[in-house]
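Chains as they are written, first to last, in this note's numbering: chain A, 1 to 370; chain B, 1 to 340.
Simulated from the structure, these hints should not be mistaken for lab results.
Each residue gets a CB set at the ideal place from its N, CA and C atoms; glycine is no exception.
Be aware that a few hints might be false.
[As the list claims (entries may be wrong)] List of simulated lysine to any residue pairs, SDA-like, C-alpha gap at most 20 Å:
(1) A:K34 / A:E248
(2) A:K91 / A:D345
(3) B:K329 / A:R337
(4) B:K329 / A:E58
(5) B:K255 / A:K34
(6) B:K329 / A:R344
(7) A:K25 / A:K39
(8) B:K329 / A:L341
(9) A:K22 / B:R321
(10) A:K39 / A:L341
(11) A:K39 / A:Y221
(12) B:K329 / B:D217
(13) A:K39 / A:N249
(14) B:K329 / A:H316
(15) B:K329 / A:M370
(16) B:K92 / B:V297
(17) B:K329 / A:D241
(18) B:K329 / A:L223
(19) B:K113 / B:F146
[To be verified] Pulled from the structure, derived: some chain B residues nowhere near chain A, Cβ distances all over 10 Å:
(20) E42
(21) L50
(22) T59
(23) S61
(24) S97
(25) I109
(26) Y216
(27) D268
Here is what each chain is made of, one letter per residue.
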Amino acid sequence: MTEDYNFPPERFDSIAQPLLDKIHKLGMHLFEKKGRKLKVMEVCGTHTVAYARSGITELVSEYFDLRSGPGCPICVTHQADIDRIISLARKEDSLIVTFGDMLRVPGSNSTLEKELARGRRIEICYSPLDAVDVAARNPSAKVILIGIGFETTAPAIAAAIESAESAQLTNFWVYPVLKLVPPALRALLDLDKNLSMDGFLLPGHVATILGSKAFEFIPGYGLPAVVTGFEHLDLLTGLHDLMLLIAENKAAVGNAYSHVAKPEGNITAQRLMEHCYTVEATTLWRGLGEISASGYSLQSRYDSFNARLNFKTEAHDGTINPLCICGKVITGRATPRQCQLFGRDCTPSTPVGPCMVSPEGACGAHYHYM
Amino acid sequence: MSEKNQLQDIIISSHGDGGLLTHRLLQEIFYPSFNNKWLQQEGDAAVLNLNGLRLAMTTDSFVISPLFFKGGDIGKLAVCGTVNDLVVSGAKPLWLSAAFILPTGMEQIDLKKIVKSMEETANGLKVPIVTGDTKVVDSGDRDNLFINTTGIGLVQPGICFHPRNIEPNDVVIVSGSVGDHGAAILAQRLQFDGNSSPASDCAPLVELSEKMKPFYDDIKVMRDPTRGGLATTLIELAVAGRIDLVLEEEAIPVKTEVSAVADILGVDPYYLASEGRAVLIARAAAGNRILKTLRSVAGAESSSIIGVVGEGEGAVYLRTRLGGTRRLKMLSGTPLPRIC
Chain A
1 MTEDYNFPPE
11 RFDSIAQPLL
21 DKIHKLGMHL
31 FEKKGRKLKV
41 MEVCGTHTVA
51 YARSGITELV
61 SEYFDLRSGP
71 GCPICVTHQA
81 DIDRIISLAR
91 KEDSLIVTFG
101 DMLRVPGSNS
111 TLEKELARGR
121 RIEICYSPLD
131 AVDVAARNPS
141 AKVILIGIGF
151 ETTAPAIAAA
161 IESAESAQLT
171 NFWVYPVLKL
181 VPPALRALLD
191 LDKNLSMDGF
201 LLPGHVATIL
211 GSKAFEFIPG
221 YGLPAVVTGF
231 EHLDLLTGLH
241 DLMLLIAENK
251 AAVGNAYSHV
261 AKPEGNITAQ
271 RLMEHCYTVE
281 ATTLWRGLGE
291 ISASGYSLQS
301 RYDSFNARLN
311 FKTEAHDGTI
321 NPLCICGKVI
331 TGRATPRQCQ
341 LFGRDCTPST
351 PVGPCMVSPE
361 GACGAHYHYM
Chain B
1 MSEKNQLQDI
11 IISSHGDGGL
21 LTHRLLQEIF
31 YPSFNNKWLQ
41 QEGDAAVLNL
51 NGLRLAMTTD
61 SFVISPLFFK
71 GGDIGKLAVC
81 GTVNDLVVSG
91 AKPLWLSAAF
101 ILPTGMEQID
111 LKKIVKSMEE
121 TANGLKVPIV
131 TGDTKVVDSG
141 DRDNLFINTT
151 GIGLVQPGIC
161 FHPRNIEPND
171 VVIVSGSVGD
181 HGAAILAQRL
191 QFDGNSSPAS
201 DCAPLVELSE
211 KMKPFYDDIK
221 VMRDPTRGGL
231 ATTLIELAVA
241 GRIDLVLEEE
251 AIPVKTEVSA
261 VADILGVDPY
271 YLASEGRAVL
281 IARAAAGNRI
291 LKTLRSVAGA
301 ESSSIIGVVG
311 EGEGAVYLRT
321 RLGGTRRLKM
331 LSGTPLPRIC
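Generate coordinates for the entire structure from the input sequences, incorporating the hints supplied.
Next up, the structure:
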């Protein structure tokens, strides 16, 4: 590639540039002091993409090893759950409503995209509330919303259930596969004491709902973490604040997104979730296994909306391709490019593991942006 | 049978996204059977020599939901799409055909509006629709209208647009903001229909191409970044021309409302289709004069030089606002709205 440009150098933002300079100076200092790169986990897939797309990942690559975490809902959904969702799609009269990135996730022997090609009824929604409209418009169909996501999506799914209830719909169900971020992080830290992370960049939108207080357990593991937003300046500030904590050897939770994420979070959303959901005793995560108190099911008052209780589903004993290392990738123990399948057998059009499916999955993000 | 083999058994929607699976269909099914020297040109239109004349011929099928969108409709799109494929091949469009596959249940008044829109667009360009066909299929979806248009044009004397002409130091120019059409369609499906929602840029490039006449010698290649957007078009050019491209994020025009829709859905505007933009690669010495002329064309006022050509093997790099560099990759898989 050429280094010969005729473009003016003003592309460097006047606020961002001094911050970048500081990060660079501090980064080189820490690199020399530690004799290695800083290993930091971006818990959330949206962060992986935002850092890569803005070019920051490349700019700090001399002294930062940024690892993707378990923060993409698709990546952590167990294959058995995918199978059950596919079996729902195959039922007579069923109409599945789902977010788009579920379509290509491979189950043991099919995907929703293939079921769609075979004539099953599957609609993509942009908001869970759309599913309620779909149910109202299709009274003869059994409309099942795939309730997948983290704390960021859970309130909208709760709102959809409440809306279906007040509309007295009898053809609307939710198949809950909702997961919780803090217990997964705790499990990650318990699972691998030698994770050798230097710190965490925490998802600003999860903290907006739960409050930064939900992450206060991290310093108990002797590690710093910073709640970080998603715009250029947020991304840089988050990195910078985390480096300061690392430099001071200070295990604490910083908040570089305090203009949006408050310590106590969004109380209205929390109440809505408490009203609709109950925390399951254990939940099965791909890559992390069973984690106690890490997923939501519906409160018993919503039993009639719970697709798990009202439909018989089946999971196949499908073998996961033994070469797929999605589990290691989302726990920070491997990078996507260390996988033999990456970019050859496993691409976003032909994903082997779920991390390749969503552009915000750990492998998908690396494929598209790095 | 492995998951991968099964995926190849049936046609799934990703086969139509212009990415990896589309490419595989072409390589494994179509090219082996239809192989000939004209098809091998792999341009937007085939250039056919006939008694000393160079004719350009192209065909395209249109299917879009919703049929009517902000900035256009499937009829206008079907005329502009084919006309633009001729124009960016350096041809003056002469004739069009139009074939309709109508779904049962479709309102006749909608069909009338669409046909009227085709008439107005084609008449405005003085390109008559000279032949056509109609079929009806039983379909569960009354929006399931298919329109195929074929266009024939005359390649202007002296023009030889081809990626192999691209050389290091050439400049990359785009004739306006990118991703407008793709964002408009997504926004409409999302039911964002306020004043601030994006509008499709769907428009013919005939006038723009006329104005480029004085620069035909300086222009190496011209394309319209439709399916797969700016990124896919430029990657295809870089691969075909065996050069690298380095783009400046700051210089690529993207409308605020387009970025907003792309952000909400987690898609990249550089991969969203434009339906009324041209991408040109031209000699650097003529870059500023071409730019000035382009900006005088209605609809191309925000034209911009967005990058330069370097030596290489087909990579496209983007220098970000913050000064980082990332490689733009071939789209793989239809961009799907994400969960969180």
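- Query: Can you give the numbers of the hints that this structure goes against, from lowest to highest?
  - Reply: 2, 5, 10, 12, 14, 17, 18 and 27
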